[in-house]
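Student: Position chain B against the provided structure of chain A, taking the given hints into account.
Those protein sequences? They're chains A and B, same order as listed. Those letters in the first sequence? Residues 138 to 426, by the working numbering. Those letters in the second sequence? Residues 3 to 161, by the working numbering.
Keep in mind that the hints were calculated from the coordinates and are not lab data. Treat the hints with caution; some may be incorrect.
[Said to hold, decoys possible] To spell it out: a stretch of chain B is covered by chain A in this simulated footprint if at least three of its residues, at any positions, have a beta carbon under 8 angstroms from a beta carbon of chain A; those stretches are:
no. : stretch
1   : 13-24
2   : 64-76
3   : 81-95
4   : 129-136
As the structure is a prediction and not an experimental result, all values here were calculated from the model. We put the beta carbon where it would ideally sit given N, CA and C, even for glycine.
Chain residues, written in single-letter form:
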Amino acid sequence: MRPFDYVAPASAQEAVALLAEHGDHAKVLAGGTDLIVDLKHHAGNVSLLVDVTEIPEFLGIEETDEGLRIGSAAKYGEIMEHALCREYTPEIVAASHTVGAVQTRNLGTIGGNLVTCVPSADSAPSLLVLDADVTVAGTDGNRRMPLTDFFVGPRKTSLAPHELLVDIRIPKANLGKPSHFLKFGLRKGQALALVNAAAALWLDDKGAITEPRIALGAVAPKPVRCPKAEAVIAGKQPSDELLKEAAEMAVTECKPIDDFRASANYRRQLVRTMTYRCLKRSVEIASQR
Amino acid sequence: MLVKLKVNGELRQADVPPETTLLKMLREDLGLTGAKLGCDVGDCGTCTVIVDGDSLNSCLMLAAKANGREITTIEGLATSADLHPLQKSFEELGALQCGFCGPGMLMSAKNLLDKNPEPSVHEIKDALSGNLCRCTGYTKIIEAIQDAGRELSGAAAGN
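Isolated chain A, as found in the complex (with noise of 0.2 angstroms):
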């Protein structure tokens, strides 16, 4: 790697002051599974590193007043282990069980995952169904925003160029909304996804489905949201023709590409099968409440 500096600020206003000063030369670095490979292959013009995972504000799990609180800087591993997200988002300790292998989970963060952006991002699609927001750094302080709004594009976030990830919320009402995640990859092990999905939804007493999810990676340029087929099974008694149609509509909605991995063709009727498996799974959770 060529020389960088290497600092790791004790406050959020400190690193993002640092990242305003040195621009394009400044990079974030949280687990490094991704920068540090890059700085090897291209290492650009980067003069410096910020460390965050030293910020006491991005670390941490743990539930407050509104529900649960993810430091950007969580890592995998650590996600997987702690006790509140297997309690109540056990889809997202399943997603983070899909990620690299047990090295790269404790080192990679969910926050890295997310501001990395890439459509196939496991950590993506779990939390979407479950209406996660997000805590932003900025020069003029702290802002939230819905995850849904933070992905714009391929390695493209809503992020300014020194702004931050903070960390990530599960509103208090969604903490154990039934859910399910799936991955399918070419391998069982260090795999990118060809397609992830995932749903959640509630059945009401008279066992209607309510606020249904869907949400799906690495079929378009972004993690995307269904809304069409949420929209297809809300307020409905669930059925397997109902779920099925409401994977049709998925289908319609994402926007896949052809690649070496896999052809665009077969990346929808992985949508397909998998949206109906992850509404079907996530039904059978609602029901047995």
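Tutor: Showing chain B alone in chain A's frame:
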């Protein structure tokens, strides 16, 4: 920058440039060449070490981030008197051929057994998904880890 670590129970330090990875510091500054440089991008796992109780790819971690932390490398497994039960099982069951993946395999296996003393075959495969072996086909590695797990939990139970 000065990086101070506890490696295999011993306090060590080195003055390294900020772009130095933990792997490079271990190998070139501390003379611990057990962890290997393989793919250098976090895929092959032969650089695996344990940092504060968690296994990770030392090729992806800056030495600066390991400052003040506790590292166990393959050199920390055996004592002058005896091999670690995992090393014995690997030897007895022929779990290594060329051996290049060995240091990482053993550290991943140790990390697994530290947390889960009697893992299933599925759990072993899951724990080794970040360690590539191009010789053995993994079967004997899995058998050796099960064997060592039985040995270690038997010893813990006083048998």
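Student: Indicate, hint by hint, whether the structure satisfies it.
Tutor: Status of the hints after comparison with the structure:
Counting residues of the stretch 13-24 of chain B whose beta carbon lies closer than 8 angstroms to any beta carbon of chain A gives 4, which reaches the threshold of three, so the coverage claim holds. Counting residues of the stretch 64-76 of chain B whose CB falls under 8 angstroms from any CB of chain A gives 3; the rule of at least 3 is met. Only residues whose C-beta sits within less than 8 angstroms of a C-beta in chain A count toward coverage, and the stretch 81-95 of chain B has 0 of them, not enough to reach three; the restraint is violated. Interface restraint, the stretch 129-136 of chain B with chain A: holds (4 residues with C-beta to C-beta distance below 8 angstroms; minimum three).
The structure fails hint 3 only (numbered hints given earlier).
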